[in-house]
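Asker: Spelled out from the first residue to the last, the chains are:
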Amino acid sequence: MQVYLPIAEMPVNVLLMLGLGGAVGFLSGMFGVGGGFLMTPLLIFAGVPSAVAVATGANPLIASSITGTVAQARRKNLDTKLGLYLLAGGAVGAFWGVLIIRYLRQIGQVDLFVSLLYVVFMGAVGSIMLVESLRALRKVRRGQPSPKRTGRHGWMHGLPFKTRFPASKLYISAIPPVVAGVLVGVMSGVMGVGGGFILVPILIYLLRVPTNVAVGTSLFQIIFVSAITTVLQAAMNQTVDIALALLLMLGGAFGAQIGATAGQKLRAEELRLLLALLVLAVGVRLGVDLILPGEMFSVTSES
Amino acid sequence: MGTRIALIARKLRRIAVPAALALMLFSGTGSATSDIIEAGAAQNQFYIEPSYDGTSVVLFGAVDRDRLKNEPFDIAVTLRGPVQPVVVWKKDRRAGLWVNSQRLIFDGVPNYFAVLSTRPLADIAPLAERDRYGLGIDVLSLPIRDEQKNPPSKLTRSEFEAALVKQKNAAGLFVEEARAIDFFGVSLFRTKTFLPAAAGPGLYVAHFYVLQGGKVIGDATARIRLRKIGIEARLSTTAADHPWLYGVIAVLLAAVVGGATSYLTGRRA
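Sequence lines, in order, name chains A and B. If you read the first sequence in this note's numbering, its first letter stands for residue 1, the second for the next number, and so on. If you read the second sequence in this note's numbering, its first letter stands for residue 304, the second for the next number, and so on.
Honestly, the hints are just simulated from the structure, not real lab data. Small disclaimer: the values here were computed from a predicted structure and weren't measured. Careful, some of the hints might be misleading.
Stated by the list, open to error - Covered by chain B, according to a simulated footprint, are these stretches of chain A (three or more residues, beta-carbon under 8 Å): (1) 69-83; (2) 227-234; (3) 249-259.
In this text, a Cβ means the ideal position worked out from N, Cα and C, and glycines have one as well.
Starting from the given sequences, assemble the full structure and let the hints guide the process.
Answerer: Following this line, the structure appears as structure tokens:
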């Protein structure tokens, strides 16, 4: 069954798009990340023009992260205060991101830049998580209890503007959360992703937020960052395809439920290991394309 | 034998409408200086609805046999879509990575271009004549933007043109088909081409040419319009005319879907 997309100006297979949304929703329900890092590349792979894929990628994330946040909030895994600090940075970052992608499209380096970002971030994040989760799993095998969070003080604790985040049981400077927010916002604008795959590790490993709270809070801020990105993309680039977004959302709503159930059957360490492998796989795949090109020429309609 | 007759009857019925229209065309202009070829499209308006997945375009025409003096002739029909700028990038290896390095902007590339003819184009007319009338993808004029820095050499240009044509061919957007003209009786002909969904909305112009002895001796034109209607039209005009509002609608829609999902799953839990 085909449907013609009004903005992308191409027909797509309804079942394929529902399935694509469902697959991404499954992962987001399982790992608590938005899944945008998979959505945009998959859309491009399905033949959607990259401008439309990047702009539309963020739209269904609003729906899936609302559902995710509500589910996490019911389990008290949400630090609203921390979320708002992240968001303050995220709003600024998203705006920059949309401007950056506009400029990159003019000089023709969107694909390169987006791929490089994916490769660098996903390679780094994936490797760190892989090493950490393997170490944690080995400890679990040996029958040692998973390590308790210690009140260790790193360089980050020397920064000013200290404030208390009760839900995360933290007393840290306000600067790192805002900076993390800006970073994630830029990525959202440039790559059409919510940035959860970056934000969750930052919250866990750098800010030392408890894993559950990190997932809930990341989802919370992704709602707003992807909402801002969607409005900005629509206003500045006019490439958001509502019909496509709706298909992805409906698929995602189903996928997320199945993913959440599947996620509960796995240990936290195993979940992190799987997510690490997934992130690494996407990163490596894109890296290979940069080194071995399939096609010397690329043809685009001018934006 | 009986089935064969039925088949012919069906074929005749299919051309009945075009034939009637062609007769009307002739009677309308029926004078001493009647054209050597007259032509039209079976349907002038096509609409893009949610179920749109490309469309067949049927073109028909009739030639004046008397003025062709019963000598052999050829028909060539071109169908050309709206033009748009296209950028072709060439990759280069820099610091171990393949990077877009050189580009050429083509200013007026038809998003669809088909040439349908009675025989292979090379057999119908010499290159110079085909070039004059744009009969063939190889002679399609692809102007490049003037203001570009470092005007490219002829070699580079042809390399970029080849890449563009290859991509359009692969997408079914540049089509060349010989023996694509069906004759019914002595003067009436019909041809058909497929407009893939990737060929967007706009005005499509069909040019019909009669050739004799390698020369174009008569031509005719028909126009076809492809446009979005209903929800497709409403969404794309809103996106273009009220982009902020469109963005807010996209967000609200997602919020409703997300909220509804939460409500449904919350009730079940």
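Asker: Please go over all the hints and tell whether each is borne out by the structure.
Answerer: A quick look at each hint next to the structure:
1. Counting residues of the segment 69-83 of chain A whose C-beta lies closer than 8 Å to any C-beta of chain B gives 3; at least three are required, and the coverage claim holds.
2. Using a Cβ-Cβ cut-off of 8 Å, 6 residues of the segment 227-234 of chain A lie near chain B, which meets the minimum of three, so the contact claim holds.
3. Requiring three or more residues with a Cβ within less than 8 Å of a Cβ of chain B, the coverage given for the segment 249-259 of chain A holds, as 5 such residues are present.
Going down the numbered hints, you'll see the structure goes against none, and every one checks out.
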